[in-house]
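Student: Going down the list, the protein sequences come from chains A and B. Each position in the first sequence, counted from 1, maps to that position plus 325 in our numbering. Each position in the second sequence, counted from 1, maps to that position plus 2 in our numbering.
The set of hints was computed from the structure by calculation and includes no laboratory data. Using N, Cα and C, we set each Cβ at its ideal position, and we do this for glycine too. Hints are supplied without guarantee of correctness; some may be wrong.
[Unchecked claim] Between beta-carbon pairs, the in silico distance windows are:
1) A:Glu344 to B:Met3: 16 to 22 angstroms
2) B:Gly33 to A:Pro370: 19 to 25 angstroms
3) B:Asp5 to A:Glu410: 17 to 23 angstroms
[To be verified] Negatives, chain A to chain B, calculated, CB over 10 angstroms:
4) Ala333
5) Glu339
6) Gln345
7) Leu363
8) Gly368
9) Tyr372
10) Ile379
11) Phe411
12) Lys424
13) Ile427
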Amino acid sequence: MDLEEQDAIRRVAEGGTREQMLVLLGTPTAGSTLMTALTLSQGDPSYAGPLAGIPLGLPSFHILEDGVREAIPPDVYEREIGPLEFVLDKEGIVAALEKMRIETTTP
Amino acid sequence: MVDLRNKLVLALGERDGIPGQALLTCAESAGARVIYVATQCFV
Chain A
326 MDLEEQDAIR RVAEGGTREQ MLVLLGTPTA GSTLMTALTL SQGDPSYAGP
376 LAGIPLGLPS FHILEDGVRE AIPPDVYERE IGPLEFVLDK EGIVAALEKM
426 RIETTTP
Chain B
3 MVDLRNKLVL ALGERDGIPG QALLTCAESA GARVIYVATQ CFV
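Pulled out of the complex, with its shape left as it was, chain B reads as follows (with noise of 0.2 angstroms):
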């Protein structure tokens, strides 16, 4: 298991994959801290 407790997580996602914000619940629900977030979109 990925230990995410206090860890400082730059959360990257994608428009045609999952979305940064989604990214960031789940590691927040993890015990992260999340330092960065982003959605690409390449169209």
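Chain A on its own, in the form it takes in the complex (with noise of 0.2 angstroms):
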């Protein structure tokens, strides 16, 4: 994620109802996906953007996870995703995204 966006999504985050506001998020590679979820979970883990020390809290989903595959009419999801779902990496980006809600997640 770059420099802008993590600024842009600062503002949009500390402007709004935080509790209400979760991630959805279109990333390629399971490895795009966990940078993503934990700069904006935790902060950006690599302290050179504007959420370096910033954990905003936001909790991500990714639209390939069936759980939210689920919420949306079986058209629309076949229509906007379609084959994608197919050409991505479904398997490694749903892993990496659970493991790191385990390892996240205050016992």
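Make the complex out of the two chains shown on their own, each in a separate frame, by following the hints.
Tutor: This is the structure we're talking about:
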């Protein structure tokens, strides 16, 4: 996530009701998914951008997760996402998000 | 199932993945309000 993007999201998140917010990702790989989700939850892990040290606490979900797909009308999902579901590394993306959720949840 | 109804959604797409506009359409069809949308490009 580039620095301008981080700054824009910080302004949006700080200007609204954060408890109602969530992030919906369309990232192409497990790595990019994890990096974006971590940045918007815990703060920029590279400490290079405007979100360094600023944990917004936003939960992230990927559009390819089954739980997200089930919330969207099937005809819309098919039209908008369609074959990309089978092109991208769905398994790796979902596994990365699930691992992050376990590791960042306070017992 | 993730309940998107009445949620405030930040839709972050990527050119090599799924574009932000597709995420927006999906989220709104599920009852969410999209408050930010972008499609990142890392070329």
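Student: Work down the list of hints and note, for each, if the structure agrees.
Tutor: Structure-based check of each hint:
no. : hint                                    : result
1   : A:Glu344 to B:Met3: 16 to 22 angstroms  : 19 angstroms, holds
2   : B:Gly33 to A:Pro370: 19 to 25 angstroms : 32 angstroms, violated
3   : B:Asp5 to A:Glu410: 17 to 23 angstroms  : 21 angstroms, holds
4   : Ala333                                  : 7 angstroms, violated
5   : Glu339                                  : 12 angstroms, holds
6   : Gln345                                  : 5 angstroms, violated
7   : Leu363                                  : 13 angstroms, holds
8   : Gly368                                  : 16 angstroms, holds
9   : Tyr372                                  : 20 angstroms, holds
10  : Ile379                                  : 15 angstroms, holds
11  : Phe411                                  : 13 angstroms, holds
12  : Lys424                                  : 18 angstroms, holds
13  : Ile427                                  : 17 angstroms, holds
In terms of the numbered hints stated before, the structure departs from hints 2, 4 and 6, listed from lowest to highest.
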